[in-house]
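Trainee: So the sequences go chain by chain: W and G. Its first residue numbered 1, the first sequence is counted upward by one per residue in the working numbering. Its first residue numbered 141, the second sequence is counted upward by one per residue in the working numbering.
These aren't lab readings, by the way, just hints derived from the structure by calculation. Since we're looking at a predicted model, the values are computed, not measured. Here a beta-carbon is modelled for each residue, glycine too, at the ideal position from N, C-alpha and C. Don't take each hint at face value.
Claimed, not checked - Sample of chain W residues at the chain G side, in silico, Cβ under 10 Å: (1) Ala9; (2) Val12; (3) Glu35; (4) Ser108; (5) Ala113; (6) Leu126.
Said to hold, decoys possible - Which stretches of chain G does chain W cover? Using the computed rule of at least three CB atoms under 8 Å from a CB of chain W, they are: (7) 153 to 167; (8) 176 to 184; (9) 213 to 225; (10) 238 to 245; (11) 250 to 256.
Said to hold, decoys possible - Per label pair, the in silico range of CB-to-CB distance: (12) Gly228(G) / Ser128(W): 28 to 38 Å; (13) Asn64(W) / Ser173(G): 18 to 28 Å; (14) Ala14(W) / Ala271(G): 22 to 32 Å; (15) Ala271(G) / Ser128(W): 19 to 29 Å; (16) Ser202(G) / Ser128(W): 36 to 46 Å; (17) Gly22(W) / Gly228(G): 18 to 28 Å; (18) Asp229(G) / Ala124(W): 19 to 29 Å; (19) Ser202(G) / Gly134(W): 22 to 32 Å; (20) Ser128(W) / Glu211(G): 43 to 53 Å; (21) Ser173(G) / Gln78(W): 17 to 27 Å; (22) Thr72(W) / Gly257(G): 40 to 50 Å; (23) Gly74(W) / Ala155(G): 25 to 35 Å; (24) Arg61(W) / Gly257(G): 21 to 31 Å; (25) Phe158(G) / Ala14(W): 27 to 37 Å.
Number of protein chains: 2
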Amino acid sequence: MSQDATNQAEAVLAAIRFDANGLVPAVAQQHDSGEVLMLAWMNRAAVAETLATGRVCYFSRSRNALWRKGETSGQLQQLRELRVDCDGDTLLLLVDQAGVACHTGRRSCFYRAAREGALVEIAAPLVSPEALYGPGHSHG
Amino acid sequence: MSQDATNQAEAVLAAIRFDANGLVPAVAQQHDSGEVLMLAWMNRAAVAETLATGRVCYFSRSRNALWRKGETSGQLQQLRELRVDCDGDTLLLLVDQAGVACHTGRRSCFYRAAREGALVEIAAPLVSPEALYGPGHSHG
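Taking the hints into account, I'd like the entire structure generated from these sequences.
Mentor: And the structure:
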């Protein structure tokens, strides 16, 4: 992360209200279809890197580290536009998602719907998690 | 909130991983246009009430109380479908938004976009906040 990239992002970063843990939720939406793909979290460094590179980088709360989406799985998210909400405490990322966003192999993480009191699966995996991560691996 | 309504929501509530504060982020998306309108938070009671009534009810962190969207402003959100993500820690609400979702009078809260290092407004208010809340009032 160069100082230049951070400086370029400064006006955007200044508008974001990071929470007590230094994080802000980011909603990823496929830019053309409008499909909501996932929600993850970003810290200042993740926002700055995403703006600088055009490839979406989150912050993994479980791994406590930057999470370059697709680094392991190849399922990259190219940023088309970053938007900030009225209160500055949520981001909307318009992205171009390669392949699938969900670690289960589904296009979107929101594949379970509440229907008639039950939770039903409304989308099937397009690819197996093993094909994305190899056996024994997790998110990426 | 009747016991029946809570019981009906039990299967859905069981799949949701509320955070340490008993909350889960909920993304509201206009069901037909795909526009992402806002992100707010829900607790168990808010989810149960929303499923029971079909009118979206959030939990206001600033007021520490249930927030029946549109109760003050009239800008109701009718629930079309509630979806749960893979990890159970985010909700997607497909809604039919009456009027505007944002307390600034804009259709969506995400009206600022990062473009060429600056944050620019990409949508104008459709109605004045005073018309929504009267002078001196806040969100609703």
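Trainee: Now look at each hint and say whether the structure bears it out.
Mentor: Structure-based check of all given hints:
This hint holds: Ala9(W) has a C-beta 7 Å from the nearest C-beta of chain G, less than the 10 Å allowed. The criterion of a C-beta within 10 Å of any C-beta in chain G is met by Val12(W), whose closest approach is roughly 5 Å, and the hint holds. Taking 10 Å as the C-beta cut-off, the interface hint given for Glu35(W) holds, the closest approach to chain G being about 7 Å. The interface hint given for Ser108(W) holds, since its Cβ lies 8 Å from the closest Cβ of chain G, which is under the 10 Å cut-off.
The interface hint given for Ala113(W) is met, as the beta carbon of that residue sits about 5 Å from the closest beta carbon of chain G, less than 10 Å. The criterion of a C-beta within 10 Å of any C-beta in chain G is not met by Leu126(W), whose closest approach is roughly 14 Å, and the hint is violated. For the region 153 to 167 of chain G, the assignment as covered by chain W holds, since 3 residues bring a beta-carbon within under 8 Å of that chain's beta-carbons and 3 suffice. Interface restraint, the region 176 to 184 of chain G with chain W: holds (3 residues with C-beta to C-beta distance below 8 Å; minimum three).
Look at the region 213 to 225 of chain G against chain W: 5 of its residues bring a Cβ nearer than 8 Å to a Cβ of that chain, three or more, so the hint holds. With 3 residues bearing a CB less than 8 Å from a CB of chain W, the region 238 to 245 of chain G meets the requirement of three and the coverage assertion stands. Restraint check on the region 250 to 256 of chain G versus chain W: 6 residues with Cβ-Cβ distances below 8 Å, three needed, restraint holds. Distance hint check: the CB atoms of Gly228(G) and Ser128(W) are about 21 Å apart, inconsistent with the given range 28 to 38 Å.
Between Asn64(W) and Ser173(G) the beta carbon distance is about 37 Å. The supplied range of 18 to 28 Å is therefore violated. Between Ala14(W) and Ala271(G) the Cβ separation comes to about 30 Å, which falls inside the hinted range of 22 to 32 Å. For Ala271(G) paired with Ser128(W), a C-beta distance near 53 Å fails the hint of 19 to 29 Å. For the hinted restraint 36 to 46 Å between Ser202(G) and Ser128(W), the CB-CB distance of approximately 44 Å keeps it satisfied.
For the pair Gly22(W) and Gly228(G), the beta carbons lie near 24 Å from each other, so the given range of 18 to 28 Å is met. Judged by the Cβ atoms, the range 19 to 29 Å given for Asp229(G) and Ala124(W) holds: they are separated by roughly 22 Å. Taken as a hint, the range 22 to 32 Å is violated for the pair Ser202(G) and Gly134(W), whose Cβ atoms sit roughly 45 Å apart. Remark: the range hint 43 to 53 Å for Ser128(W) to Glu211(G) is upheld by a beta-carbon distance near 46 Å.
Judged by the Cβ atoms, the range 17 to 27 Å given for Ser173(G) and Gln78(W) holds: they are separated by roughly 23 Å. Between Thr72(W) and Gly257(G) the CB atoms are about 30 Å apart, so this pair departs from the stated range of 40 to 50 Å. Taken as a hint, the range 25 to 35 Å holds for the pair Gly74(W) and Ala155(G), whose Cβ atoms sit roughly 29 Å apart. Between Arg61(W) and Gly257(G) the CB atoms are about 28 Å apart, so this pair conforms to the stated range of 21 to 31 Å.
Between Phe158(G) and Ala14(W) the Cβ separation comes to about 31 Å, which falls inside the hinted range of 27 to 37 Å.
The structure fails to meet hints 6, 12, 13, 15, 19 and 22 from the earlier list, while all remaining hints are met.
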